Amino acid sequence: MSIQGNNLKSGSNLEKILKSGQFAFTGELGPPRGTDVKEVIEKAQFLKGNVDSVNITDNQTAVVRMASWAASLLLVQEGLEPNYQMVCRDRNRLAMQADILGAYALGIRNMLCLSGDHCQFGDHPDAKGVFDIDSMQLIAMVKQMRDDAKFLGGAEIHHPPKIFIGAASNPFADPFDWRVQRLAKKIEAGVDFIQTQCIYNMEKFRKFIHIAGEEGLTEKVYILAGVTPFKSIGMAKYMKSKVPGMDVPDEVIKRLQGVEKGKVAQEGINMACEQIEEFKSMKGVHGVHLMAIEWEHKVPEIAAQAKVLPRPKPE
Amino acid sequence: MIVAKRKPFEEIKEMLKGYKKVLNVGCGTCVSVCLAGGEKEVAILNAELDMARNLEDDPIEIHGQTVERQCDREYLAELDDIIKKEKFDALMSMACGVGIQFLAERFPDIPTFPGVDTTGLAVNQAVGWYEERCRSCSQCVLGITGGICPITMCAKGLFNGPCGGTNKGNCEISADQPCAWFKIHERLAAQGRLSSIRKINLARGWKDQIPRNLIQPGYKKPEKVS
Ligand code: SF4
Ligand code: SF4
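Residue numbers (the numbering used here), protein chains in the order written: chain W, 2 to 316; chain R, 23 to 248.
Since the hints were derived computationally from the structure, they do not count as laboratory data.
Because the structure is a prediction, the values reported are computed rather than measured.
One thing to keep in mind: the hints can contain errors.
[Stated by the list, open to error] Pair by pair, the computed Cβ-Cβ distance ranges are:
(1) W:Ala106 with R:Gly240: 30 to 40 Å
(2) R:Cys159 with W:Gly263: 53 to 63 Å
(3) W:His159 with R:Pro130: 23 to 33 Å
(4) R:Gln199 with W:Leu95: 28 to 38 Å
(5) W:Asp127 with R:Pro81: 31 to 41 Å
(6) W:Asp127 with R:Ala126: 20 to 30 Å
(7) W:Glu189 with R:Lys229: 22 to 32 Å
(8) R:Ala148 with W:Asn271: 23 to 33 Å
(9) W:Ala128 with R:Ile237: 30 to 40 Å
(10) R:Cys159 with W:Val38: 55 to 65 Å
(11) W:Asp127 with R:Gln161: 19 to 29 Å
(12) R:Gly240 with W:Ser242: 32 to 42 Å
(13) R:Asn235 with W:Lys241: 35 to 45 Å
(14) W:Val64 with R:Ala148: 34 to 44 Å
Glycine included, each C-beta is placed from N, C-alpha and C at the ideal position.
Based on the sequences and whatever the hints tell you, model everything.
Now the structure itself:
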């Protein structure tokens, strides 16, 4: 797999932007815990025109929500491009492949392949985690469906789904030196783009991307750096101590503590925009994935302050 | 070995409600070693049941017998005479799930109840402490994972870990649960064998989705079993 070459794999907006060498900017939307379409559409309006593609989370943190394919479809209808997330926790290979066919048939072109948080974190802690295949194997399966027109079981697919394949990478979970190897494995499995875990420890991330570059990996995959602005000091402390695999250095918290009350959220946004500025020129980084969790209405403001507007409109 | 835990007393009492004459059968092998269903545990449970039922003015005649292995016909046969003679109206087994079923199968006319919850294939870490190690998947991968089972020890059973939830060497589910893939990496790194997990482990077919029958090479199913 190589970034060079003319054939588009999926023809998605995100793929075209990345392929043309422009800096991508993606957002995120969590489906509702009910059937309210209005809630999805309202959130989507804040993202429309401000991001290239919107990740639609799949029962995120193992809490039941509207199916990610359904919320993705609502976005397609609203004229936004979804990035359909799929976790290995909730379905076996039959259900996954069926959902992928259905999603593609309904206009979904990007997919993010994830293991998924353990059920224990969610609202059904005793549910049976499926994990029939893992995220690495899911990537390979989608690639096989797309490029070989074959199901995992080997049978032929008529009209295969042309999906732009994404996956996550967490440069901060240990063992650190294995994280680049795991990225390499995902590339071998067939991933086209990577969205990273929220980055706060810039130094560690610079090191990660440097090693990935030295191993030639940043030439083989598009990497979107994950950014989540802090809304409060409480949120920063929570992320630091309670979210597994998250690396929040003390300086970051100190900086938030250093500003007047009432200005913490703005400082969080300032910090995020400074990061985005650095990513724009960081070798090996091809875009930013902004996860403004339950803060979708701030996306227009953040996008403007980060000077990523207007978004490119490929043919 | 197979490990099990005795069921809560109230649950056992409820199952045996209405039965007046019961034989509680212990097993002298795994469940005996893990302190759940051997001779001693049978005696303790019987004493508790006897006392509780007396208090409720509903006495139970409870007998106990422990055989060497309930998963073996040869040893179960030792029970034939007593069961024929005493006419129990229920049996309780304190063996693992395998033994309980074999006992129930041998005496199909008598209701048989489990006295323990079977929890897995485990090692003996210290007296009274057992850690699960194998889910008997029928396709052992320990050769590539440094002797650490990802199916059992990784909370998501991942074949290409560690996931992004690894937290300072622990699994995302708890700070008390070591991350299996962190340990796999650590052990293989020390052995200079990281290349064995650098290759992608592709999706595999599960061989444990139907009841498994194992016939060793050179053997065959007998026409009739005693
Ligand atoms: S891979 Fe794990 S579950 Fe399978 S046989 Fe080996 S130890 Fe048991
Ligand atoms: S943290 Fe480690 S043990 Fe836990 S699910 Fe992830 S890879 Fe498996």
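Each hint, compared with the structure:
| no. | hint | result |
| --- | --- | --- |
| 1 | W:Ala106 with R:Gly240: 30 to 40 Å | violated, 53 Å |
| 2 | R:Cys159 with W:Gly263: 53 to 63 Å | holds, 56 Å |
| 3 | W:His159 with R:Pro130: 23 to 33 Å | violated, 52 Å |
| 4 | R:Gln199 with W:Leu95: 28 to 38 Å | holds, 30 Å |
| 5 | W:Asp127 with R:Pro81: 31 to 41 Å | holds, 38 Å |
| 6 | W:Asp127 with R:Ala126: 20 to 30 Å | holds, 27 Å |
| 7 | W:Glu189 with R:Lys229: 22 to 32 Å | holds, 26 Å |
| 8 | R:Ala148 with W:Asn271: 23 to 33 Å | violated, 53 Å |
| 9 | W:Ala128 with R:Ile237: 30 to 40 Å | holds, 36 Å |
| 10 | R:Cys159 with W:Val38: 55 to 65 Å | violated, 43 Å |
| 11 | W:Asp127 with R:Gln161: 19 to 29 Å | holds, 27 Å |
| 12 | R:Gly240 with W:Ser242: 32 to 42 Å | violated, 59 Å |
| 13 | R:Asn235 with W:Lys241: 35 to 45 Å | violated, 52 Å |
| 14 | W:Val64 with R:Ala148: 34 to 44 Å | holds, 37 Å |
Of the numbered hints stated above, those contradicted by the structure are hints 1, 3, 8, 10, 12, 13, listed in ascending order.
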